[in-house]
Amino acid sequence: MYKKKILGLIFSFLVCGLVYADAVKLNPDHPDKYVVVKGDTLWDISGRFLQDAWQWPEIWHINSQIANPHLIYPGDTINLVYVDGKPRLVVSRGSKTVKLTPQGRIIPLDQAITTIPIDAIRQFLKEPQVVSKDVLDKAPYVVANKGGRLIAASLDSIYVRGIKDGTVRKYTIVRTGNVYKDPVTKKVLGYEALFIGNAKLYRTGDPSTLKVLRTSREIRIGDRLLPSNEKSFDANFIPRPPSGDINGQILAVLDGVTNIGSNQVIVINKGAREGLKPGNVLDVYQKGQTIPDRVTKDHNDTVTLPDEKAGTVMVFRVFDKISYALVVKARRDLRLLDYIRNP
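For the record, in the sequence shown the residue sitting at position 202 is 201 according to numbering that gives the first Met the number 0, with numbers rising by one throughout.
Treat the hints as calculated values from the structure; they're not laboratory data. It is possible that part of the hints are untrue.
What the hints assert, rightly or not - Distance condition first, Cα-Cα at most 30 Å in a straight line; then the derived DSS-like pairs of lysine-lysine:
{"#": "1", "residue 1": "K328", "residue 2": "K85"}
{"#": "2", "residue 1": "K185", "residue 2": "K145"}
{"#": "3", "residue 1": "K132", "residue 2": "K276"}
{"#": "4", "residue 1": "K296", "residue 2": "K328"}
{"#": "5", "residue 1": "K85", "residue 2": "K132"}
{"#": "6", "residue 1": "K137", "residue 2": "K276"}
Said to hold, decoys possible - So the derived label-pair ranges between C-beta atoms look like this:
{"#": "7", "residue 1": "K169", "residue 2": "T76", "range": "54 to 60 Å"}
{"#": "8", "residue 1": "G38", "residue 2": "N299", "range": "52 to 58 Å"}
{"#": "9", "residue 1": "L135", "residue 2": "H29", "range": "29 to 35 Å"}
Even glycine gets a Cβ: it sits at the ideal position worked out from N, Cα and C.
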């Protein structure tokens, strides 16, 4: 999907309401201009100019009426200017500054820089999935592998029960992974459906026969099948705060480490149910410690220190009750159960 040709409509800069503009603070060490290089992200570049990188749409004035308006390319120059006393970032390409109206130019999308490092989230854009127990329980399942083997691999045939709709031809083979529970209510929020492989329906029946197309690990009897998600994902996220108040916690980190740093993917206990959308930016806070007051004469007296901001994350994939988010900034190591709040 990254090879797709698009019309490079680059930054319109139409003034479209400065909801947060007055609150935008420049980085004290900001440059007056910056030349984009390969490997940059919009987040990296914005952080050079702004204290809070996620606020870049407020001074880059994206025109919502054009498709993919926030594309810039290596070699472009970002200039900091002031209009009516307010900062704006102006993009110039070659000897020409990008004008207020979109400039048509056919450019491969994979040459444009992205909002965040796509390599950090690429494998999580489609898999794993998070579903309900009911979805897993009702999903078709592998009842046998060809030849009676206990496991199957790419190009093998598998036999599956529960396929009732012969119009669905491609399936994703999954296995139950983590069970995500709310740390406060202890209620189950969803079941991780780990990606095992892809298969194509070859013959319907009871059981149906499918041909395995590819696998990431061996297919076992009892693995479940879900219709393949053929939807492509737009990786050019526009960062913005959530529309409502979010108070959540970090449930897990997808690569299994304990201490969490920049460019790692976390799972949080809030999702579409709470109004979260891809691109939403959230701050991470660590709970203040309760310590004894060693000055007072009352040796039992304690004081709770304030919660401290520890980092910033951006949501990139949303399920019903949980979301995946990328750590875009970590002031210190983040930890499981750290708090997630509006910026």
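Cross-check of the supplied hints:
no.: 1; hint: K328 x K85; in the structure: 26 Å, holds
no.: 2; hint: K185 x K145; in the structure: 41 Å, violated
no.: 3; hint: K132 x K276; in the structure: 23 Å, holds
no.: 4; hint: K296 x K328; in the structure: 41 Å, violated
no.: 5; hint: K85 x K132; in the structure: 52 Å, violated
no.: 6; hint: K137 x K276; in the structure: 28 Å, holds
no.: 7; hint: K169 x T76: 54 to 60 Å; in the structure: 45 Å, violated
no.: 8; hint: G38 x N299: 52 to 58 Å; in the structure: 56 Å, holds
no.: 9; hint: L135 x H29: 29 to 35 Å; in the structure: 50 Å, violated
Checked against the numbered hints above, the structure violates hints 2, 4, 5, 7 and 9; every other hint is satisfied.
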